[in-house]
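Chains Z and A are the protein sequences, given in the same order. Our numbering numbers the first residue of the first sequence as 1 and each following residue consecutively. Our numbering numbers the first residue of the second sequence as 1001 and each following residue consecutively.
Hints are computed from structural coordinates only; laboratory data are not their basis. Even glycine gets a Cβ: it sits at the ideal position worked out from N, Cα and C. One thing to keep in mind: the hints can contain errors.
Said to hold, decoys possible - Derived pair list, reagent style DSS-like, types lysine-lysine, alpha-carbon separation capped at 30 angstroms:
(1) Z:226 / A:1253
(2) A:1253 / Z:12
(3) Z:148 / A:1100
(4) A:1101 / Z:226
As the list claims (entries may be wrong) - If you anchor each label on the Cβ, the simulated ranges turn out as follows:
(5) A:1256 / Z:124: 28 to 36 angstroms
(6) A:1249 / Z:39: 22 to 30 angstroms
(7) Z:15 / A:1238: 40 to 48 angstroms
(8) Z:15 / A:1144: 53 to 61 angstroms
(9) A:1234 / Z:122: 35 to 43 angstroms
(10) Z:193 / A:1046: 56 to 64 angstroms
(11) Z:153 / A:1245: 45 to 53 angstroms
(12) A:1196 / Z:124: 55 to 63 angstroms
(13) Z:209 / A:1014: 36 to 44 angstroms
(14) A:1208 / Z:124: 47 to 55 angstroms
(15) Z:145 / A:1195: 52 to 60 angstroms
(16) Z:152 / A:1183: 40 to 48 angstroms
(17) Z:197 / A:1241: 47 to 55 angstroms
(18) A:1008 / Z:83: 19 to 27 angstroms
Claimed, not checked - Residues of chain Z placed beyond 12 angstroms of chain A at every Cβ, according to the derived structure:
(19) 55
(20) 132
(21) 140
(22) 167
(23) 175
(24) 209
(25) 211
(26) 217
(27) 223
(28) 226
(29) 231
(30) 234
(31) 235
Here is how the chains run, residue by residue.
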Amino acid sequence: MSGIIVSGLSIKFRVYHDRSPSLKDSFASIFKRRGKSSFSDFLAVNDVSFEIKSGDRVGIVGHNGAGKSTLLKALCRVYESDEGLIRVDGRLAPLLEIGAGFHPEFTGRENIYLNGAILGYTQNQLFDIEPEVIAFAELEEFIDTPVKYYSTGMYMRLAFSLATAMHPDILVLDEIFAGGDAAFMERATKRMYEMIDKANIMIMVSHDHNLVRSLCNRVLWLDHGKLIADGDPEQVINSYLRGA
Amino acid sequence: MTSAHHGRIAELLSSRAVLWQLVRQQLILRYRRTALGYLWTLVNPLLMMSVMAFVFSSLFKADLKEFAIFLFAGMIPWGMFNSVSTQSAGAFINNEGLIKKIYLPKIIFPLSIATALLIDSILSFVALLLIIIAIGGAVSWVLFFLPVAFLLLFMFSTGVGLITSVLTVFFRDLQYVIIIAMQGLFFLTPILYKHDALSGSVAMLVGLNPVVPFIELFRAPLYRGVVPGLSSIAIATLISLVTICLGLAYFYKQEKKIVYRL
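Next up, chain Z with everything else stripped away, as it sits in the complex:
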C-alpha cells in the first residue's frame, strides 16, 4: 500500500541580497560580527502537514510562488529539510521536468540509458522498454543521432516517452505537459490519463482548475508556503477563486 505522510514540513531558502559569499567575505565575517547581514531566510513551505492515502488524487492550487513546486520537489527529495518529516511509501515517479540529465552530445539511444538510469530504471528494464520508447516517440530514424540535432518536438517526445514508460505507485506531476505536434499531443494526453488511472496515488500542481476538478478527489490550497485549505475540490477551488 502506498502512502505519504508530511508533518510540520518547512523549507527554508537563504536569499542573498547581493551575491554568493566569497571566501574573503567568509573570513571577514569571522572578525566582523556586526552590521547588517547580507542574506535573509525565506520560508517557501511553512509548517505544512497532511497525509495522503492509497487511492487519493490530490491537486495543489495556489498563486505563483505559493510553494507548490517546492512542496512537490520536497516529496521527491530534491529539497531535504531539517524541519518536519516526510514519509513516502511506494515507488514515486516525479514527472516534474522531463529530460533531466539528457546529454546533448549523446545519441537518443544513449540518452535512454542515461536518463533512464537517472529515473531509477534498471538496465534490464531499459533494455526491455527501449523499443517501445523509441516507437512511441516515433524516432526510429533518428535514435542514433546526438540529441543536440533534435528539434524541440523530437526532444520532448523522447523525454516524455521515457518518463512515462513505467507505471509508478505514486505519480507526481507539475502541470500536465505534452509537447510535439497535434497527433503526438493526443497520444501523449491519452497516455498521461492512463498513467494517472493506474497510479495508486497522484499528486499534481495545476493552474487549470477544470482539470483539477475532473481529475482530483482532494485539493490542497497553498498560500505563501502555508496550507490554507485541504478538502473537497469544488469547495477548496471556489474559496481559492473567491480569495484570489
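Put chain A on the given structure of chain Z with help from the hints.
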C-alpha cells in the same frame, strides 16, 4: 555500523547504474568526433611527460632513460591526485540542473569523477609501462604491488575530492584557488627531483606534504624495482584512511545543504 551507514550503502548500490553512466559520460564525451578518440587521454600525458623528461634530464644532467622512468613513476600518482582534486570542484556546480530537478544520491557526482580519473590513470599507466619496457626499464614481480598503490591513492584522492566538491558549492572562488594551490604543491612534491636532494626548511615543508608517501608507493616498484618500505605503506594507508573518513564525514554533514546553495 549504524543503520544510516547501511542505508547509504544500499542507496549507493541501487544507484550504481547512474554512477556508471556518469563515469561513461566523463570518459567518452570529451573525445566525441575526434579522430584519436579516447587515445587522447593516453597521448596527452605521454607527450607532456616526454617533453618534461627531455628538458629536465638535460637540465639535471641525468641519463634520459633513467630520468624518464623516474619522472613517469612520479607523474602517474600526481596526475591522478591533481585531476581528482581540481575536477571534483565542479562535481556539484556543473550538475546544478540535474540536482535541482531530480533526487540522486549526491555522492555519485564526486565519486563518478574520481572513478573516471582512476580508469584514465590506470590506462595511462599501462601505456607508460609499455614504454618503460620498450626503453629497457626493469620489470619484475614487484609491479603486483601497484594495485594496492592505486587503491590507497584512490581513497586519498577521493577524500580530498569530496571536500573540494562540497566546499566549492559554498565558496565558488575555491575552484580557482585549488588550481593555483595544486601548481604550488607540484613543486613541493618530489616529482622532478628526489626528496633527499633537498635540505633545510624546504625539505621540512616537503616532508609535511601528504602526497609524498603516495609518490613513493609508485616510485619504489617502478623506478627502483623494490616493494615500498613498510613505513611508507603504513603512512600512506593511515593518510588515505584519515582523508577518506574526513571526506565522507564532511560530505554527509553538508549533503542536504548543497541543493540550497547551488
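Handout entry: Verdict for residue 197 (chain Z), residue 1241 (chain A) (Cβ pair) under range 47 to 55 angstroms
Key = Since the Cβ atoms of residue 197 (chain Z) and residue 1241 (chain A) sit about 53 angstroms apart, the hinted range of 47 to 55 angstroms holds.
Problem - Assertion that residue 140 (chain Z) lies outside the chain A interface [Cβ separation over 12 angstroms] - result: Label holds. Min Cβ-Cβ 23 angstroms, cutoff 12 angstroms.
Exercise for the section: Note whether the CB distance of residue 152 (chain Z) and residue 1183 (chain A) lies within 40 to 48 angstroms or breaks it. Expected result: The hinted range 40 to 48 angstroms holds for residue 152 (chain Z) and residue 1183 (chain A), with Cβ atoms some 43 angstroms apart.
Practice task
For the pair we were handed, residue 226 (chain Z) and residue 1253 (chain A), check the Cα-Cα distance against 30 angstroms.
Solution key: holds (29 angstroms)
Exercise for the section: Please confirm whether residue 132 (chain Z) is truly not at the interface, meaning its C-beta sits more than 12 angstroms away from all C-beta atoms of chain A. Expected result: holds (19 angstroms)
Handout entry: residue 1234 (chain A) versus residue 122 (chain Z) beta-carbon gap, inside 35 to 43 angstroms or not
Key = holds (42 angstroms)
Exercise for the section: Over 12 angstroms to the closest beta carbon of chain A is the bar; see if residue 211 (chain Z) clears it. Expected result: For residue 211 (chain Z), whose nearest Cβ neighbour in chain A is about 23 angstroms away, the distance exceeds 12 angstroms, so it holds.
Problem - chain A versus residue 55 (chain Z) - minimum CB to CB distance exceeding 12 angstroms, so not interface - result: Fine: 25 angstroms to the nearest Cβ keeps residue 55 (chain Z) off the interface.
Problem - Status of the stated non-contact between residue 217 (chain Z) and chain A (beta carbon gap over 12 angstroms) - result: It holds; residue 217 (chain Z) is separated from chain A by about 27 angstroms at its closest Cβ, greater than 12 angstroms.
Practice task
Starting from the hint 53 to 61 angstroms, judge whether the C-beta atoms of residue 15 (chain Z) and residue 1144 (chain A) obey it.
Solution key: holds (57 angstroms)
Handout entry: Status of the given 55 to 63 angstroms range, CB of residue 124 (chain Z) versus CB of residue 1196 (chain A)
Key = Between residue 1196 (chain A) and residue 124 (chain Z), where Cβ atoms are some 56 angstroms apart, the hint holds.
Handout entry: residue 226 (chain Z) and chain A, when compared Cβ to Cβ, separated by more than 12 angstroms
Key = holds (20 angstroms)
Violated hints: none; the structure is consistent with every hint.
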